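> Single-letter residue listing:
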Amino acid sequence: MGVFMTDEIKHGDVILEARGITKRYPGLVANDHVDFEIRAGEIHAVLGENGAGKTTLMSILFGLVRPDEGEIYVFGKKVNFRSPLDAIKLGIGMVHQTRKLVQAHTVLENILLGHPNTGLILDFKKAAEDVARLCDRYEYKLNLNDKVWHLSEGEKQMVEILKALYRGARILIMDEPTSSLAPPETKKLLETIQIMTKDELAIVPFITHKLPVVLSVSQRVTVLRRGKVVARLNTHEATEQLLAREMVGREVMFNLERVQVERGKAVLEVQNLSVYDEKGMKAVEDVSFSVHEGEIFGIAGVSGNGQQPLAEALAGLRKAAEGKVLLDGSEITHLSSMERWKKGIGYIPSEQRAVGSIGDFSLVENILMSYYYDDEFCRRGVIDAKKIRARAEALVAEYGVAAPNVDVLAKNLSGGNLQKLILARVLSRQPRLIIANLPTQGLDVGATEFVQNKLLEAKKAGAAILLISEDLDEVLALSDRIAPMYEGRFMDILPGGEAEREIVGALMAGIRQKAAEQ
Amino acid sequence: MNIAGYKIKLEKKSSFSGLEAAVLSILAVVVALFLVGFIFLQAGVDPAKGYAEIFSYAFINSFGVPLTLNRAIFLLLCTFAFILPMRAGLWNIGMAGQLYAGALAAFGVAFAFGARTNPDVPAGIVLPLMILAAMAGGGLMGLIPGLLKGKFNTNEIVVTMMLNFIAFWVTAHMIKEGGPFMGSGGEGEGFKLPASLQPGLFLGMPFTIWFALGLTALLQFVFTKTRIGYEIRAFGASPAAARYAGVDPFKVSVLVFVAGGVIAGLAGYHYFATVPGLFKIPKNYGDFGDLAFYGIICGLISQGNPLASIPLAVLFGGLTSGGRFVQGKLQLGFGIDYAMLGVLMIILVAFQFFFRYRVVFKKEALP
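The listed protein sequences derive, respectively, from chains A and B. Taking the numbering used here, I'd label the letters of the first sequence as residues 1 to 518. Taking the numbering used here, I'd label the letters of the second sequence as residues 1 to 367.
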């Protein structure tokens, strides 16, 4: 099996080289003469904000997109990928951000699926031995006969890695490898890929944020900005500040100004709330907490542990199965989402494009989503077009949404700008309670900073804020109190200032004993 | 694709103007008529002569014009019955059923006042009641898919389509031999409305044209200026986002289907009860269902724009009347009129591609 052929390649050999890669799209140069090389046995991180050209470069290296100019050499030979199949044949593997696995099949079946050597008859026994040997070698425990839907996110990712390796990958491109993992799983992943490099495999993670991850394991870093390579560094020479500056093109403040605000009276009170998800499973179980004026209450957890149903139940988009919800002391458990907007709940949903905005509507009409029910902007059922336009223009300017005018369609905005628009729409209603569900997910460093500062501003103004985030650093930095959420329950409610990273990380992975020991 | 050293590329357009859409639509009609020319040639008719006959009958001839107008009003009402749900992202395939229900209700009122046998009914009361009944009948028929959609998220296409059959056979039951609405001649048709209940022409046009024009203005206003129009469009553009913004899906579903049904009911009243010569439920009632479906085509081509629906309704109204006429006059084979309409529809829909893309020719760089 090709995976163990280490003698031919020496550590540090250049195994992939891209020269002058250029890719243009209408109105945009996604990659502008990018030079890039990968050596055997290195972890080589590629950093860049959204829109910096990471995805394009990744797609070109994997044969999904053809460059307009430039050359690619793999093991010294010039190649011309017509499809990912060509790239796979030459030993390039890809681990996508969204899992591409068959949930109802076993680990082994998923690994074998689409393998070029599987003919009509599968030799499961031999394949199982080979894959098991791979697992042993990289010290990863995985039951090959488990169905994939039983697995954790980290294990699913490992299945994808094994799948690529079993196909003979020597270069592993990973798209945002740590984005959906809980801290212990991230740690495990990083350990595993470090072991892999001993076999002279090259690991190329493409990363938007989570700079500490990059710094902890990679040997080299290439930073992209606006389609160009702006920095090529050995990791030991880099600092978080430096990398962020290169990515964004300006100085980034990492230490958020932790505003201390006098905690006021309770705005939101949740009592023994349970919520079902669309499959009829109890997704939120017996959750009780309160959020006060001038407080950020952070819910830390890996997505899929009930945060979304909880947020929707509080916003009136999902029925509460049991329990009570109170806003400013009066019960709102059975109110519609419209009534909750009017009472001062502002919900920032995690799905910006599918829920938080309407792509085919102009920016004005998107702002209108939070104003059309207000008599001031809609008298006797007729919308005051002038007034809402003026408001939209003011908000777009205030929040720095980059758009030529307010008539462009929302779908043409980048992720960061769209989130600014959503934030502008929700926050301008001055809600009593802000529910921010993954507000910085997928945003680049600059936009993340903006969103976090806006939340802090709202806190200063006395709003109660429920922050739901997968990013432990974000929760720790912003929250006054923290509830790690696991499988629909709050594992604990900890005071923000003193919460220790390890304890919160363990709790959100469902490990309670360990936390108790510490 | 490469042709003669030029690289042909499709580029996505970010927007298109109303003028562009109008020019493209006219271009589409020209292309369609050109293609249909081959059918005429194959039938041994000079296309120029064929078209001259069609258009002069449909838009100049003193017999043809009222027919064109009559059909255009009907089509426009059917189009509105379709685009109201369409703007909310829902499909009303049930205009035929809703207009039968409307017509039945209108005739039911006339029947209740004894108009089947007694020509001296109080027209001042019965006539407005007939119109209201038609609207109520269509609206009730629309309420069914609206409620089912809003409450249980039932597929509205299936529901409205099935209701068409129910309305059709109920109508058949009512007017055929032995049915309560049977005509006096026993020829399997509905009874004739007495002269007092035939509204006659107003300035040479059926008075229902004012309903059609009034609704055009009303819908244009509702869609562009009002809160409810915004809610309908938001729900149509993204149900999840609309729900998030507080739009009640139940309210929207019920509203658009009831309003659509009311308008279809008016179409039923228009077709069966206004114009002399068509004041009874005739034998070939199946045809009207067919014609109602052109409302879907007009709605799709106009992309739910009420104003843009007017020229389309006039065009299709004219071509259905002119096409049928020329088929008889030039003794063409059966179905040429439908072939023409079919080609026209396909080309119009195909041309919508250019609303979203532009074709770019680029001189290929020599290697």
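None of these hints come from the bench; they were simulated from the model. There's no promise every hint is true.
Calculated cross-link-like contacts (lysine-lysine; reagent style BS3-like; alpha-carbon spacing at most 27 Å) [said to hold, decoys possible]: (1) B/K225 with A/K386; (2) A/K228 with A/K282; (3) A/K343 with B/K225; (4) A/K342 with B/K251; (5) A/K343 with B/K151; (6) B/K12 with A/K411; (7) A/K342 with B/K12.
Short derived list, chain A residues pointing at chain B, Cβ under 8 Å [claimed, not checked]: (8) L28; (9) L317; (10) A321; (11) S337; (12) W341; (13) G344; (14) P349; (15) S357; (16) M369; (17) Y372; (18) Y373; (19) C378.
Just so you know, these numbers come straight off a predicted model, no measurement behind them. C-beta atoms are modelled at their ideal positions from N, C-alpha and C, and glycine is treated no differently.
> With reference to the structure, classify each hint as holding or not holding.
To see whether the hints hold, each was checked on the structure:
Of the supplied pair hints, the one linking B/K225 and A/K386 holds, its CA atoms being roughly 11 Å apart against a limit of 27 Å. Pair hint A/K228 plus A/K282 does not hold up; C-alpha atoms about 48 Å apart against a cutoff of 27 Å. At most 27 Å may separate the alpha-carbon atoms for a hinted pair to count; A/K343 and B/K225 meet this at roughly 26 Å. Restraint check for A/K342 and B/K251: the C-alpha separation of about 18 Å stays at or below 27 Å, so the hint holds.
Between the alpha carbons of A/K343 and B/K151 the distance comes to roughly 26 Å, so the proposed pair stays at or under 27 Å and holds. Taken as a hint, the B/K12 and A/K411 pair is honoured in the structure, with Cα atoms around 13 Å apart against an allowance of 27 Å. Proposed proximity of A/K342 and B/K12 is contradicted: the alpha carbons are some 40 Å apart, above 27 Å. Taking 8 Å as the C-beta cut-off, the interface hint given for A/L28 is violated, the closest approach to chain B being about 13 Å.
Hint status for A/L317: holds, given a least beta-carbon distance of 6 Å to chain B, under 8 Å. With a least beta-carbon distance of about 19 Å to chain B, the hint placing A/A321 at the interface is violated under the 8 Å criterion. Taking 8 Å as the C-beta cut-off, the interface hint given for A/S337 holds, the closest approach to chain B being about 5 Å. Interface restraint check for A/W341: the shortest CB-CB distance to chain B comes to about 5 Å, inside 8 Å, so the restraint holds.
Checking A/G344 against chain B: minimum C-beta separation of about 13 Å lies over 8 Å; hint violated. Satisfaction of the interface hint for A/P349 is found here, the shortest Cβ-Cβ separation to chain B being roughly 6 Å, below the 8 Å cut-off. This hint holds: A/S357 has a C-beta 7 Å from the nearest C-beta of chain B, less than the 8 Å allowed. At a threshold of 8 Å, the smallest CB-CB gap from A/M369 to chain B is about 4 Å, leaving the interface hint in force.
Taking 8 Å as the C-beta cut-off, the interface hint given for A/Y372 holds, the closest approach to chain B being about 5 Å. A hinted interface residue such as A/Y373 counts as satisfied when its beta carbon comes closer than 8 Å to some beta carbon of chain B; here the least separation is about 6 Å, so the hint holds. Checking A/C378 against chain B: minimum C-beta separation of about 5 Å stays under 8 Å; hint holds.
When the structure is compared with the earlier hints, violations turn up for hints 2, 7, 8, 10 and 13 and for no others.
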